[in-house]
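With chain A's structure known, arrange chain B on it following the hints.
In case you want the letters, here they are:
2 protein chains.
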Amino acid sequence: MRLSQLFTKTRKEVPGDEESVNAQLLIRAGFVHKELAGAYSFLPLGLRVLNNIIGIIREEMNAIGGQEVFLSSLQNPELWKKSKRWDDKVVDIWFKTTLKSGGEVGLANTHEEPLTELMKNHVSSYKDLPVFPYQFQTKFRNELRAKGGLLRTREFVMKDLYSFSRSQEEHNEFYEKAKQAYFNVFERVGLKKHTVLTFASGGSFSKYSHEFQTLCSAGEDIIFLCKKCNVAVNREIVKEVNACPECKNTELQEEKAIEVGNIFSLGTRFSEALKLEFTDEKGAKQPVIMGSYGIGPARVMGTIIEVFHDEKGVVWPETISPFALHMVSLEGGEKDAEKLYEEFSKKNVEVLYDDRKEASPGEKLADADLMGIPLRVVASKKTTEQKKVELKKRSEETATLISFGELEKTLGV
Amino acid sequence: MRLSQLFTKTRKEVPGDEESVNAQLLIRAGFVHKELAGAYSFLPLGLRVLNNIIGIIREEMNAIGGQEVFLSSLQNPELWKKSKRWDDKVVDIWFKTTLKSGGEVGLANTHEEPLTELMKNHVSSYKDLPVFPYQFQTKFRNELRAKGGLLRTREFVMKDLYSFSRSQEEHNEFYEKAKQAYFNVFERVGLKKHTVLTFASGGSFSKYSHEFQTLCSAGEDIIFLCKKCNVAVNREIVKEVNACPECKNTELQEEKAIEVGNIFSLGTRFSEALKLEFTDEKGAKQPVIMGSYGIGPARVMGTIIEVFHDEKGVVWPETISPFALHMVSLEGGEKDAEKLYEEFSKKNVEVLYDDRKEASPGEKLADADLMGIPLRVVASKKTTEQKKVELKKRSEETATLISFGELEKTLGV
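Just so you know, the protein sequences line up as chains A and B, in that order.
Position 280, counted from 1, in the first sequence is what UniProt numbering calls 280; the numbers after and before it change by one each time, with no gaps.
Position 385, counted from 1, in the second sequence is what UniProt numbering calls 385; the numbers after and before it change by one each time, with no gaps.
Everything labelled a hint here was simulated from the structure, so no lab data went into it.
One should not assume that every hint holds.
As the list makes no split between identical chains, a pair holds if one copy fits it or if it spans any two.
To be verified - With a straight-line Cα cutoff of 25 Å, these simulated BS3-like cross-link-like pairs (lysine-lysine) come out:
no.	residue 1	residue 2
1	Lys227	Lys248
2	Lys81	Lys120
3	Lys409	Lys387
4	Lys357	Lys282
5	Lys9	Lys127
6	Lys139	Lys100
7	Lys12	Lys120
8	Lys357	Lys393
9	Lys9	Lys392
10	Lys381	Lys392
11	Lys9	Lys285
Chain A on its own, in the form it takes in the complex (with noise of 0.2 Å):
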């Protein structure tokens, strides 16, 4: 894409009502707008990095067998009363309506209720689990403060899986894959090596459910981390067990944390309440083994930017950066950055091309940086000269003077 047409413009001021670097940084590239406390609109370089991160959950999903659905936002009070959750001294997060025809509706903040109930109409048989839906939804949560940014909004996607099972064995295998599968997403998104499985309440239902914490200083939550296993324990369940609950070391180290999943054994708590029940084998009537499996990719996408950034700007893991290439012409480079330009969107290399003729080359280098593409590659009348392009890294101080085919190379076209 030419920067020349994206309708969005970088700034330089700090936007005074923001405290997170992740607001701050994304506001000032053009990534998003903030709406009001706790909701952000997506620009289109933010609504690219965003479905990159929902692309790479969404395959893993469907990895591990998951089917996508897409459930309404608008909640029938009727279900929530079933499982005791509508009320507002039980849930505080709701946001609640009217409609013009009468009566009360919610605005989703989860969806077990809804999910259970329509699963009646497909689940019968002990031969019709088990099952795994899942979707990208829009959550409301009435949130008292709103803050972090991305990191915690009153309106936000979220990526949802629910699961249906015959047993608790049945469960626990597919909990474990899960397990597996969130691994796989903060690997794939670059926070792999930042994030602990972090041990959490359970529930009447398990001893534990689990958080994916990602250790950061911007985090508002407070975990215990055991440098042996590297796992760690949340705020609730040290206060029980002051020990790591795979090796029993007692030395704990306290982490500022952000929590980037979690995952949960729900057992028959939604099933029974719902009435969610299959025939088995024997003919008998059972409740559905249900668990739950949250990621929120914009709150992804802000504790990457917390994790990932310099004074000048975001520093993009290559996966989800909204570009492969930020390209600048500079004066005298113009004619090598359009040949390559043309060249490459051939080649389906997605480039941001910053083709401004009014911009300054300070401008377009300081613009590059905050918005951070993995690599840039500059082409200037020095550059031309030598037949050649400047290609830096992101993470990188120092560029290096390449040819036209070692770009190629490094691309991989």
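Just chain B now, with coordinates in the frame of chain A:
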């Protein structure tokens, strides 16, 4: 995909609370689930159709210079007060709710106000225009009566594009491009033949706006069609000008139709209210000229069913069908079916493979008709003995025996 793995089930019974053909068939085929009146959830096959429609619209919007964004649903009342559209007496379909931290917010029923406001960060000079952001984003509309299944709902994904131009001429030029892009969309989803450009009221800034109306007995709109020009006028316009706006023909035929899209010249209605200005070539401040362009992909989906169905089920156009091929394995044909499924999967042909062991031949064929995939292949003992398979188009009555090679040719692999 193997039908034995798909979690949804079909049903024979027509749902008692649905009068419209589209909702009845979609629910029976397991494509959607009704959450409440006017809110539907999309199940795997339904989501595939919706995404195919969205994919076509996205390509056509990108082709005319659209840049995709994704705005928030939660709305800041202040912006809508400036354009005088916050008051329920003016806009009577608002869903409003309250922030826990205090203050009202709305759920977006359209996005002119927030987009105009955010463009102020990106547009200042004539050099920044024209630009055409668009999105696929949920709209919430508090309709007194939801009706017609997917045709009029309280919550639906909408493609809304907005144009920001420097002059009326520049606006008009884009408006014509958008009109053509809309015809391309309706051509590609199979509705072009049934869809007519319909002149509608233009508001204060232009004589007309335009609706795209699909002729259909299930439609709730009445239009007045000029058979010579294949254009129409809507109810409002016919009262003022009882003649074809193109040939002045006064013999207009009354028809029922479904509005599948609309395009609208907004002039400076929103740019003046929200102060979106640019500096022109002479250094003078000018308000931006705007337009809006909407299509509801789910309404298009519902309309397609209303137009293309028979007593057995849906008849999807190829371009939006959830799969390219519905392959049915009957007794004795399992080996051939399995072999073809493996081969086609490798070649990226999208096959819904009915490998169910317990469904009867009658059930399998009835499900194929209900689900409506345009091509059906049956492998049975009879076809295997002849080293052939049976091919039938969903839109035709007769099946033909063809060789594997001929099938590959039909599928273009």
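Okay, the hints, checked on the actual structure:
no.: 1; hint: Lys227 <-> Lys248; result: within (12 Å within a copy, 82 Å between copies)
no.: 2; hint: Lys81 <-> Lys120; result: within (17 Å within a copy, 44 Å between copies)
no.: 3; hint: Lys409 <-> Lys387; result: within (16 Å within a copy, 48 Å between copies)
no.: 4; hint: Lys357 <-> Lys282; result: between (76 Å within a copy, 20 Å between copies)
no.: 5; hint: Lys9 <-> Lys127; result: between (55 Å within a copy, 12 Å between copies)
no.: 6; hint: Lys139 <-> Lys100; result: both (22 Å within a copy, 16 Å between copies)
no.: 7; hint: Lys12 <-> Lys120; result: between (54 Å within a copy, 16 Å between copies)
no.: 8; hint: Lys357 <-> Lys393; result: within (24 Å within a copy, 56 Å between copies)
no.: 9; hint: Lys9 <-> Lys392; result: within (23 Å within a copy, 54 Å between copies)
no.: 10; hint: Lys381 <-> Lys392; result: within (17 Å within a copy, 64 Å between copies)
no.: 11; hint: Lys9 <-> Lys285; result: between (60 Å within a copy, 19 Å between copies)
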